[in-house]
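K.L.:
Numbering (the UniProt record's numbering), first residue to last: 1 to 427.
To be clear, the hints were calculated from the coordinates, so they are not data collected in a lab. As the structure is a prediction and not an experimental result, all values here were calculated from the model. Hints may be right or wrong, so weigh each one.
Ranges between beta-carbon positions, derived for each pair [stated by the list, open to error]: (1) W118 x F417: 50 to 56 Å; (2) K425 x R367: 22 to 28 Å; (3) N276 x V397: 18 to 24 Å; (4) Y123 x K426: 28 to 34 Å; (5) D383 x G73: 39 to 45 Å.
Glycine included, every Cβ here is placed at the ideal spot set by N, Cα and C.
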Amino acid sequence: MSRPKMKSSLFFVLLCLFQINKLCFCLEEESLKVKNGVGSNGFISVTSFGAIGDGKTDDTKAFLKAWEAVCKGGHNRKILVPQGKTFMLKPLTFIGPCKSSTISLSIRGNLVAPGYTWYAGRYPTWISFDSINGLVVTGGGTIDGRGSLWWGNVNNRPCAMHFNNCNGLRISNLRHLNSPRNHVGLSCSQNIEVTGLRMTAPGDSPNTDGIDISNCIGVHIHDSVIATGDDCIAINSGSSYINITGISCGPGHGISVGSLGVTGDFETVEEVRVKNCTFTKTQNGVRIKTYQNGSGYARKISFEDINMVASENPIIIDQTYHNGGTNGGISKSSSSYQNCHLTAKERTPSGNGKGVKVSDVRYARIRGSSASDQDITLNCDADLGCSDIVMDNVNMVPATFGHKVFASCKNAHGSLFGSKVDCLKKN
Numbered sequence: 001m002s003r004p005k006m007k008s009s010l011f012f013v014l015l016c017l018f019q020i021n022k023l024c025f026c027l028e029e030e031s032l033k034v035k036n037g038v039g040s041n042g043f044i045s046v047t048s049f050g051a052i053g054d055g056k057t058d059d060t061k062a063f064l065k066a067w068e069a070v071c072k073g074g075h076n077r078k079i080l081v082p083q084g085k086t087f088m089l090k091p092l093t094f095i096g097p098c099k100s101s102t103i104s105l106s107i108r109g110n111l112v113a114p115g116y117t118w119y120a121g122r123y124p125t126w127i128s129f130d131s132i133n134g135l136v137v138t139g140g141g142t143i144d145g146r147g148s149l150w151w152g153n154v155n156n157r158p159c160a161m162h163f164n165n166c167n168g169l170r171i172s173n174l175r176h177l178n179s180p181r182n183h184v185g186l187s188c189s190q191n192i193e194v195t196g197l198r199m200t201a202p203g204d205s206p207n208t209d210g211i212d213i214s215n216c217i218g219v220h221i222h223d224s225v226i227a228t229g230d231d232c233i234a235i236n237s238g239s240s241y242i243n244i245t246g247i248s249c250g251p252g253h254g255i256s257v258g259s260l261g262v263t264g265d266f267e268t269v270e271e272v273r274v275k276n277c278t279f280t281k282t283q284n285g286v287r288i289k290t291y292q293n294g295s296g297y298a299r300k301i302s303f304e305d306i307n308m309v310a311s312e313n314p315i316i317i318d319q320t321y322h323n324g325g326t327n328g329g330i331s332k333s334s335s336s337y338q339n340c341h342l343t344a345k346e347r348t349p350s351g352n353g354k355g356v357k358v359s360d361v362r363y364a365r366i367r368g369s370s371a372s373d374q375d376i377t378l379n380c381d382a383d384l385g386c387s388d389i390v391m392d393n394v395n396m397v398p399a400t401f402g403h404k405v406f407a408s409c410k411n412a413h414g415s416l417f418g419s420k421v422d423c424l425k426k427n
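With the hints as constraints, model all of the structure from the sequences given.
P.N.:
Structure (structure tokens):
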């Protein structure tokens, strides 16, 4: 063999040895990282802390250990729930504050509740997050609350997932199935974004709200599909600057402000905007509901560019609301969490029973079909009334051929623009 060929072959062999050595070094380094619980992408996997993921073994302790490592460690800020596995979790709470300003939980696999019920008075939520700022929950996985085990129990049903005092919260790209009660609760938090959720429960499952909001400021919920047995989204007391866009709702009870005033407390909701949403075969469309024995206000609320598809009550204000049903034994407004934005004096029941004022509500470009003949119901209190109600190009047709739709108003005052709501009294 000539010398040039020998040199070329030798160079090639040395290059191959170098690449093999480099590969071995990288694999060894990766192995060390995995052994320490940290993947190459910076995520700490729950399996590194003993989680099995067979859908039967209790993985609760492993999840809490992983959380402790991330929350208290400060260096690694990401937890991975790996794809292709199902993790059974008992009721648990992830507690902050954490050292890092941001914490990420990537749920790529499945989370499933135990195959039995428990006393919800002690554990009102299956999975809780408390006092964690900068929390990001995402991943494309599924959260299954096994609600069918609970729905026959009137007064003992937990929420599937609740976030309390979590400022800067981001939730995205998750699937929620069959919560015992409401699927996601948000309370006492500011600056929240929720997007890309798909929530599913049977249309007759009791109190299975999609998202319940209470005592929150600055919430944006958008581009999600919610099909459950109760409110797709409920906006409860102490909430303001709520922006809801691009929601597909149905079946369910629509998007609701309230109920407010059920306990007699001073309760408020304001600065709410619902836009570009579709309601398909819902019991209600856009709704405001308040009790007579409370006090407070619901104001500065708008519903715009809404499409109704055979909804039973497309537009409804009920200032004399009375729920003859059940809420699962635990207030949907998360009464276990104190109102964080009101003073102690304002939280005290008023005792005057004058009702919750409803004013400055705008309905614009609402169209589609009503499954009931009464497409608009404005049922306002004889003493308080509802004021500054605007109907701007609100026009619906009956879902059933040959029927007609009409509006019903009691003590409602406002203005009309291109809408046939003759019962609305002028301001």
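K.L.:
Each hint: holds or not?
P.N.:
Hint check:
The given range of 50 to 56 Å is respected by W118 and F417, whose C-beta atoms sit roughly 53 Å from each other. Between K425 and R367 the beta carbon distance is about 24 Å. The supplied range of 22 to 28 Å therefore holds. A hinted range of 18 to 24 Å holds for the C-beta pair N276 and V397, which are about 20 Å apart. Hint check: Y123 to K426, Cβ distance near 53 Å, so the stated range 28 to 34 Å is violated.
Checked against the given bound of 39 to 45 Å, the beta carbons of D383 and G73, roughly 58 Å apart, lie outside it.
When the structure is compared with the earlier hints, violations turn up for hints 4 and 5 and for no others.
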